[in-house]
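Residue numbers (our numbering), protein chains in the order written: chain G, 510 to 1001; chain C, -9 to 413.
In case anyone wonders, no lab produced these hints; they're calculated from the structure.
Check before you lean on any hint, since a few could be wrong.
[What the hints assert, rightly or not] Restricting the straight-line Cα-Cα distance to at most 27 Å, the calculated cross-link-like pairs of lysine-lysine (DSS-like) are:
1. Lys328(C) / Lys580(G)
2. Lys39(C) / Lys580(G)
3. Lys257(C) / Lys859(G)
4. Lys580(G) / Lys246(C)
5. Lys316(C) / Lys39(C)
[Said to hold, decoys possible] Some chain C residues well away from chain G (every beta-carbon gap over 12 Å; in silico):
6. Gln50
7. Asp110
8. Glu386
Quick reminder that beta carbons are idealized off the backbone N, C-alpha and C, glycines included.
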Amino acid sequence: MNRVFLIAIFSFLLLLPISHASEVTSLESDGDVGYRQVGLMWSTDIPSEEGTIFEVWISNETIIEISNATKHSLVRVGNVSNLLQPGIGEWYDDCQYSIGDENWNPVYRELDGTAVIPPGAIGVNCTLSGISSGLEIHIAVLSINPSGGSILSSSISSSSTSSDEEIIVIETSPYIFAIGSIALSIFILLFVLRWMDYREGRTTSRFAHLYIAPAILALSVLTFYPVLYGIWLSFTNADQSHLGDQSIIGFDNFITVISTSGFLRVTGFTLVWSVVNVVAHIGFGLLLAIALNSNDLRGRSAYRTALLLPWAIPSYISVLVWRGLYEPTGALNDFLGTDLNLLADPNGAKIVVILVNIWLGIPFMMMSISGALQALPKDMYEAAEVDGISNFSRFRYLTLPNLKSALVPLSLLGFIWTFNMFNVIYLMTDGGPNLDFDGPGSTDILITYVYDVAFRDGAYGVAAAWSVVIFLMLVVFSWTYMKKTNATEAVT
Amino acid sequence: MIRRIFFSLLVISILLFPGCLASNQSLEVEDNESTIELVVWHSFAAESKEQATFESKIDQFMASNPSVEVKISAIPYTEADNQFMVAAQGGEAPDVVRLSNDQLGKIGHVRVGGQPLLEDLRAHLTPIERSKFDPRALNAMRYEGDLLGIPASQDCLSLLFNPVLFDAAGVDYPDENWTLDDMLLAASTLTSGDVSGLALPVKDPYWWFGFQAGFGGSLFDQNGTPSLNSNGSSDSMDWILDLELEHEIVQTGTNKESMKNQFLSSKVAMIIDGPWNWATYEAGRIPLKQSVLPIVTDSGERISPLVTFKGWSVSKQSLNKEWSTKLALYLSSSDVQKEFAIETYTMPTTIDLYDNPDISENIVLSGFLEQLMEGTPAPTTRGMSLVYAPVGTAFENVYTGALNSSEALLLANESLQSELEGN
């Protein structure tokens, strides 16, 4: 009897560490806690002892032993003093513990992120992340007691039932706006055309408008809609954080534009840039065209080809070559034996960008004027020669007035193109050097600054307002220029 | 009558033509449903070893996952944040994109239709997967709590030098006890003929940040408020600009590219550059050594370059977020990082690689790792992504003599503060 009693005592002592190890007795899972997540709650039969580790294992099949499973996470029972205790939502994943009083507290974290709960905890509630959505998984918890013994809980199945929280909202207002503005512009165009037909007495061809329908549609989609969209955007607070849910804010963006530090400076430089370039393009283009048109010139084709090269090379390549030439280590300094850094100097950079654009623009003007020169009647010059008119007088009183019909639209187009010339400044200086903390750079023109406002600052509404201002400037200029020069009459 | 009927049929057929096309397209999509297509934007330099390594890893991923087709596109590193934002706002974001932690602050702030642009990856990674990464690197990819990327590399600037030019001038190599005065003296001695002693882009804010920290300045205070206008900041700005303007040991107008070219043509003895160019210099057969950046004589602090972490982020608009995350995890895995480190001297972010003999016994990698430990991690905040512009403007003003450094930095601080407040 004593022997039986002793064996029983001995067995009890041997089993004591095992029975003292916290064993997971209850395991519950919730598959609806979030995308790619499942909730897991377990409780132990006795309060957890310091040094115990709970490992969470997951598998595609029932977990009988951990060899067929993957370790997901672990929770250590230990001293929590001096450890972080991030609140719910602050850590990468959420895990809480309970000491049996129905209060759930966030677990503590070691520096490497390991979850730690204090001794005495009997319940743990974790959100398991990284679970494939919609797939059934099996979860088990392995309790490892301080002496190294371990007990694997029975496994439960679960699956993350929450779908991707990202809801792709199809924002309908831009489409409605697009369709509306296209339809409106088609309607207005047709109305105007119909009215013009009526005024002119063209009433026999009913299908005429149908024939030009593709052109009207293309014009509406490619021209009127973007313009109307830009105008609408300029009255909204659209920016990086408001795109898609922007609202109308009246004229605020236009006030921002006008009150921008450097508004007058950038507008002024844009005008200087445009006028100097157009004058130089026309002047040099005319000079070269007259020279090329001279009957005494030999090798005209060779000259013409050489002079066309700046236009034939893609502008971004030639601009980058020019930039290289003006760099401190570039050919200009090598040639002059100087140490100039023109692109870093506000005035130097302005001169350089203008010079490069003049170089780029001359060939087009030269070719256009050359074509117009060749169309001038030769007998007019023969008569002048017979009358003994000097070369300068022939140019002043014959060539120039007869070229007006070509020069006026050319200069107008040249002005508009140069006003909106983006490549040269963007590639040469990117608008810099920038000495204004909240405004445009020293060589920025309106169009390059709009790019910065839109795509660097992300202020789409303000950028659209800048674009509307540019558009209005060009409309006013073009209208005035045509009125003053009688350009349309000259062409027709 | 016949003409009218013919014309009507023609118009109807024209109108129906796009519909026929649309029908074909939808059939095509249905046929391809079994293949998952992922679009990845990377920012490795064209024709670089990094790009070649990356492409080989993508090929391996596709070979292991035949149902996945990965289409890759290159974007410029400095424009990656802007290009991604513009694409995402147009609904054309790639599934996976390589971004730096100082770019995440800018993107993390942006919303389209109330939705962020990048997926919070916290729900996608298991704690065991997370635990493989250096907590500092992982934390750097978090913006306002969200995990916006998986760290794949980290880097910072260090001192690179050409030992042949040092030997020729009889100057001792830099070591960990070097001070800025030592560097200045050595650079002056080494500057001779068409050889410069030192090259760095003196007006580039990224290069300045390390000097600023060494002189006792900081970009932001502990609350994240801009703190550019300190004595340390202005002293460091003056010091770095004087390298070109006063001491003339840095060539006029040196920028990143010209620094690289000068070093490749053995026209400069020392440069301050990152590990990303090491492979290029090595391929150019330039004698090359590395040392940690010197100590600032007055403050006793070492120059502490900005440490940035680059990682793979998943777009919120991706229709295959699980696969995108798998790919991001693969590209950030220890195996891939190790190959990148050995092939391209990219510094790893997984803990096991820090002690890996292939890394720790590699003199270049261990040198850069030592420098990383001396660096200052870039904060992942909106302020960090916005700091470059006002600091760049401050540099331009001081360089051209329009303002002194204290005035310029005060204005830069006000400008940054104002932008953060949304004015």
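Here's how the hints hold up against the structure:
For the proposed pair Lys328(C) and Lys580(G), the alpha carbon gap of about 24 Å is at most 27 Å, so the pair holds. At roughly 36 Å between alpha-carbon atoms, Lys39(C) and Lys580(G) are farther apart than 27 Å, so this suggested pair is violated. Taken as a hint, the Lys257(C) and Lys859(G) pair is broken in the structure, with Cα atoms around 31 Å apart against an allowance of 27 Å. Between Lys580(G) and Lys246(C), the direct Cα distance comes to roughly 46 Å. Violation of the 27 Å bound is thereby established for this hinted pair.
Taking the CA atoms of Lys316(C) and Lys39(C), the gap is near 24 Å; set against the 27 Å cutoff, the hint holds. Interface exclusion of Gln50(C) from chain G stands, the closest Cβ pair being 22 Å apart, more than 12 Å. Annotated as non-interface, Asp110(C) brings its C-beta within 12 Å of a C-beta of chain G; the closest such distance is 9 Å. At roughly 4 Å from the closest C-beta of chain G, the C-beta of Glu386(C) falls inside 12 Å, breaking its exclusion from the interface.
The structure is inconsistent with the numbered hints 2, 3, 4, 7, 8, although it conforms to all the rest.
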